[in-house]
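Q: Protein sequence lines correspond, in order, to chains H and S.
One point on numbering: in our numbering, the residue at position 196 of the first sequence is 196, and numbering is uninterrupted.
One point on numbering: in our numbering, the residue at position 268 of the second sequence is 519, and numbering is uninterrupted.
Please keep in mind that the hints were generated in silico from the structure rather than gathered at the bench.
Predicted model only: the values in this text are computed from it and were never measured.
One or more hints might be untrue.
Coverage of chain S stretches by chain H, computed from C-beta distances (three or more under 8 angstroms per stretch; other residues unrestricted) [to be verified]:
1. 308-316
2. 341-347
3. 354-364
Glycine residues also receive a C-beta, built at the ideal position from the N, C-alpha and C atoms.
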Amino acid sequence: MTEIALLGRRAVREVVRMPEATIPTLFIPLFFLAVNIGQVSKTFPSSTPFLHGQGYAAFQIPVSLLFAVSTATSGLALVTEIDNGYFDKLLVAPIRRSSIIWGRLTADLVRGVMLSVLVLIAGLAFGVHVKSGVLGSVVLVLMAALWGVAYAGIGLLVALRTRNVQATNASFLVFFPLLFLTPNFVPFDRLTGLMEALARANPVSYVIEGLRSLVLQGWVLHKLAICMGVIVATGLLLTWLSVRTIERFDR
Amino acid sequence: MPAQSEMAPAAIEARGLERTFKGGVEAVRGIELSVAAGEVFGFLGPNGAGKTTTVRMLCTLLPPTAGSARVAGVDVLRDGAEVRRRIGVALQEIGLDPIQTGRELLELQCGLYGINGADARARAEELLELLGLADAADRRTKTYSGGMKRRLDLASALVHSPEVLFLDEPTTGLDPASRLTVWDEVRRINAGGTTIFLTTQYMEEADQLCRRLAIIDNGRIVAGGSPEELKDRMGHDVVSVGLNGADPAATQAAIGELPGLERVMVEQDALALYVEDGPASIAEIVRRLDRTGVSVGSISVARPTLDDVFLQATGRRLEGDEEPAAAA
Chain H
1 MTEIALLGRR AVREVVRMPE ATIPTLFIPL FFLAVNIGQV SKTFPSSTPF LHGQGYAAFQ
61 IPVSLLFAVS TATSGLALVT EIDNGYFDKL LVAPIRRSSI IWGRLTADLV RGVMLSVLVL
121 IAGLAFGVHV KSGVLGSVVL VLMAALWGVA YAGIGLLVAL RTRNVQATNA SFLVFFPLLF
181 LTPNFVPFDR LTGLMEALAR ANPVSYVIEG LRSLVLQGWV LHKLAICMGV IVATGLLLTW
241 LSVRTIERFD R
Chain S
252 MPAQSEMAPA AIEARGLERT FKGGVEAVRG IELSVAAGEV FGFLGPNGAG KTTTVRMLCT
312 LLPPTAGSAR VAGVDVLRDG AEVRRRIGVA LQEIGLDPIQ TGRELLELQC GLYGINGADA
372 RARAEELLEL LGLADAADRR TKTYSGGMKR RLDLASALVH SPEVLFLDEP TTGLDPASRL
432 TVWDEVRRIN AGGTTIFLTT QYMEEADQLC RRLAIIDNGR IVAGGSPEEL KDRMGHDVVS
492 VGLNGADPAA TQAAIGELPG LERVMVEQDA LALYVEDGPA SIAEIVRRLD RTGVSVGSIS
552 VARPTLDDVF LQATGRRLEG DEEPAAAA
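Could you build the full structure based on these sequences and the hints that come with them?
A: And the structure:
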């Protein structure tokens, strides 16, 4: 645990000292939030049934949260270290290689909380009201950040497999189909047949549904449980793959 | 390789060590090594000879394709974790985290080796002082000069006082002054009892620092021994005849069998004549060339160097030694 704490603290320090690596990731989600609200607010007024009396911003805010936290930042930091030789320094230290991964994920959690809070503040400025209250807002932020931790495994995996900065950076693009083949603009039942089938098969849909329920409906436990289940399953799978890859690095 | 010192146990032993990469590139082809505890052992060779691959195998960063190795008495394949606890490593590529300060980096490194809290802070401070980095301790490492980065990298390899220290080309790319500083550090660390395995492409570095060395080329050890032994094997003096366009065979024929001639090496535009008495041979060479009408560019005499040893072993001069040599 000590080595995870040490490497985690180092990675968090990196987040704090390099805001230029974190802040730009806010631009796209906030841009999409503003554009989407501007374009469809008249189409979907607050009287629309699926908005539960709120504006369209409340429907969109979970999408923006996922957009903000689903990054390849940790993967990029790792591949940079592979490139500059510091990774070798860590590999020849008498530590479990998995602690390098856990250290990175610690930073993802901190970064995810920071970004989620900022996106939520932006949402409040757009008139979003979190139905589940202050505690629900905290859960919303934490669940979004945990999704960021789970998703970070993709970047870490690509970094370890390719050892290539460009490839790792491009791994961020994986999230576009994952995010857009979901009920991100309208609920499942408003999607066309094929899109609905794809969205229902996409686990990210259930993360959005869970977060959205906190904003629009309050505490809908079965949605939250499914959402958490998807986050945990995704996290376990991708982290396991990353740990397996780092254990076999150079073998 | 000659046998290690009879009394000292081996700090590093390699038997038939091989590494073949994907695509069939044979980087290391059956290396045999024995390094005694407490010595500075040099691994001299040009770029791409297999030095770094050998170091990476001995440090557990890369598994060998064949063969075995023990470092500090521990099998690198069977108990890599224990090997890692006992060694310090400063690889050719300086491994520093640019976002951290020198002090933070050393304290973290201490923590990774189980030294925590006040002990870690004290050890980091001690190393920063020792390596002349105290004034820059709280600056981020990305602001350090090349020499400072190398010294910090060296310090990070020393936090746990390792039994065996691997230095992979520790002075490549450094200016002469920084190179001398690193040499002093290597001597100081070794004086404390640490075995040092040092790879270099600089002959003078190997000559100055190493009690014994192995010359590696194309993945194989081609010569080994103490620097003096290796040079003595070459002969007493070396007379270099710069051909300046003259035909090597005709020039060699014109010089013929000199008294005390031990061997002749033909290079691209020079002949290297290894003789018993250099100054006396020069006079005789000039007479013979003059008699046969062969004109050459220059004639000089010197003691054989490790480069002559490399030339003898491989048929070519050691590459990459064009860096300005540091005076001892």
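Q: Each hint needs a verdict: does it hold in this structure or not?
A: Each hint tested on the structure:
1. Coverage of a stretch by a chain is defined here by at least three residues with a beta carbon nearer than 8 angstroms to that chain's beta carbons; for the region 308-316 of chain S and chain H the count is 5, and the condition holds.
2. For the region 341-347 of chain S, the proposed coverage by chain H is satisfied: 5 residues have a C-beta within less than 8 angstroms of a C-beta in that chain, meeting the threshold of three.
3. Counting residues of the region 354-364 of chain S whose CB lies closer than 8 angstroms to any CB of chain H gives 6, which reaches the minimum of 3, so the coverage claim holds.
Violated hints are absent here; each numbered hint is respected by the structure.
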